[in-house]
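Asker: Quick mapping for you: the protein sequence lines, in order, are chains A and B.
Following my numbering, the numbering of the first sequence begins with 1 at its first residue and continues without gaps.
Following my numbering, the numbering of the second sequence begins with 1001 at its first residue and continues without gaps.
Please keep in mind that the hints were generated in silico from the structure rather than gathered at the bench.
Just to be clear, a hint being listed does not mean it is correct.
[Said to hold, decoys possible] Cross-link-like lysine-lysine pairs, in silico, DSS-like; alpha carbons within 30 Å at most:
hint: 1; chain 1: B; residue 1: Lys1048; chain 2: B; residue 2: Lys1037
hint: 2; chain 1: B; residue 1: Lys1048; chain 2: A; residue 2: Lys6
hint: 3; chain 1: B; residue 1: Lys1124; chain 2: B; residue 2: Lys1044
hint: 4; chain 1: B; residue 1: Lys1167; chain 2: B; residue 2: Lys1124
hint: 5; chain 1: B; residue 1: Lys1241; chain 2: A; residue 2: Lys6
hint: 6; chain 1: B; residue 1: Lys1241; chain 2: B; residue 2: Lys1167
hint: 7; chain 1: B; residue 1: Lys1167; chain 2: A; residue 2: Lys6
Computed from a prediction, not measured in an experiment: that's the story for all the values here.
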Amino acid sequence: MSIRFKDNLYEVLRAVMPITLVVTILQVVLISLPLVDFLRFLVGAFMVMLGLTLFLQGVKLGFLPMGETIGSRLPQEAPLVVILLVAFTLGFVVTVAEPDVRVLAYQVDLVSQGEIPRNILILAVALGVAVFVSMAILRIILGIPIAYLLAAGYTAVLILSFFTPVHFVPISFDAGGVTTGPVTVPFILALGIGTASVLGGRSSISDGFGLVGLASIGPILAVMVLGVIYQ
Amino acid sequence: MTELLDFLHFQAVTAEVLVAMGPLVVFFLGFQFFFLKLPAQYVKNLLKGMVLTFIGLILFLQGVKVGFLPVGSAMGGVLGSLETKWIIIPIGFALGFVATIAEPAVQILSYEVERTSGGSIRAKIILLTLALGVSVVMALGMARILYGIPILYLVIPPYLLVLILLKFSDPTFTSIAFDAGGVATGPMTVTFVLATAVGIATVMEDRDPIADGFGLIALVALAPILSVMILGMFYTLRRRKRA
């Protein structure tokens, strides 16, 4: 466990440090925020690094092994309806726990001054992921080529974007970007690869991929629909 | 420095993390008892993992809420009121480049693409393509805020391009490309960089913090998809020429 902790720490450091350095340089040569603000940034960076490391460690130690076991055993032992139901639920619960989704929702809540409450946004994103993960699993079982679903999903996004209120469009697209965070991806992949290897057709390995791409279309559509309802 | 003590107010964030992690924990415990019935070691690790994720998420969210969001917004405020406003474009470029080139997920992706291409596209080239791709869209994202370009103008053309490339790209590359969307939206982009962008849009006249500030993550998520699809197309073309 200690080795893995070091690996996670290293990974997080490499993701956080470069921008922290650039911000530090900017602070010195261009921005000169009050010292207390800059310290606030450094303390924040430290907490983010430590927090993310512990979080990833916890996910890898506790949740992923079980997720992988579910992914490999469920398709063998359960009927189709149950697999789809589990895919839906898993998509939902991992998105609710996804840090990136939460951070986007904070900022939207903050900037819209509560007009778009963060829990509503998280709910919409989670439902979007849930629906699309189940569709992605269904696709593997029915053997529909991924390109068809991606094309259909993107076309739906393009059409819906013309009916979505201007305020919701950027948030919708951002919502698609945050669902591919550190929690969602491994669980969705585990379930997808498990399903593909048991129930998939000829090209079972490459069938498992593309799931994350599909899963990130769901929240875009969901937030757009939310915008249309809000209007 | 007593202002910094607000980092210690953990109540709100703790309550939130309970709500965030609750469903996931119930899901896994339910599965364990009714279906998986895995050996005790798994349950022990699950409990340990729960404690770690719980503490980790609290620290992370607190760091973002109390640290990154207010400072990002303040920094955006300064950048947006500079006289030489165009400076945010090269800053965006630099942020995109350094964030991507060091990102572990991007390096894993680069090796994956190299392997899929049977070594004909070198990992270093892929890494550079990805980093440049993200830098360009990050710069574009900043230019968008500066000039008030609607996000659809920047998102629809790449989406259409992706749809067209779907026809020409090798299916394996397509799958890798779409799973790659998340590799560049690392923990700093979603938190600090987005807060800065929103801060810039807030202080600029005639800019709306919501309509103009958000959208950066979407652009950054598109860059790796497009980069890998284009690499895939080159690979397919090269192979056809040889055949």
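Asker: Quick one: which hint numbers does this structure break? Sort them smallest to largest.
Answerer: Of the numbered hints given earlier, those the structure breaks are 3, 5 and 7, listed in rising order.
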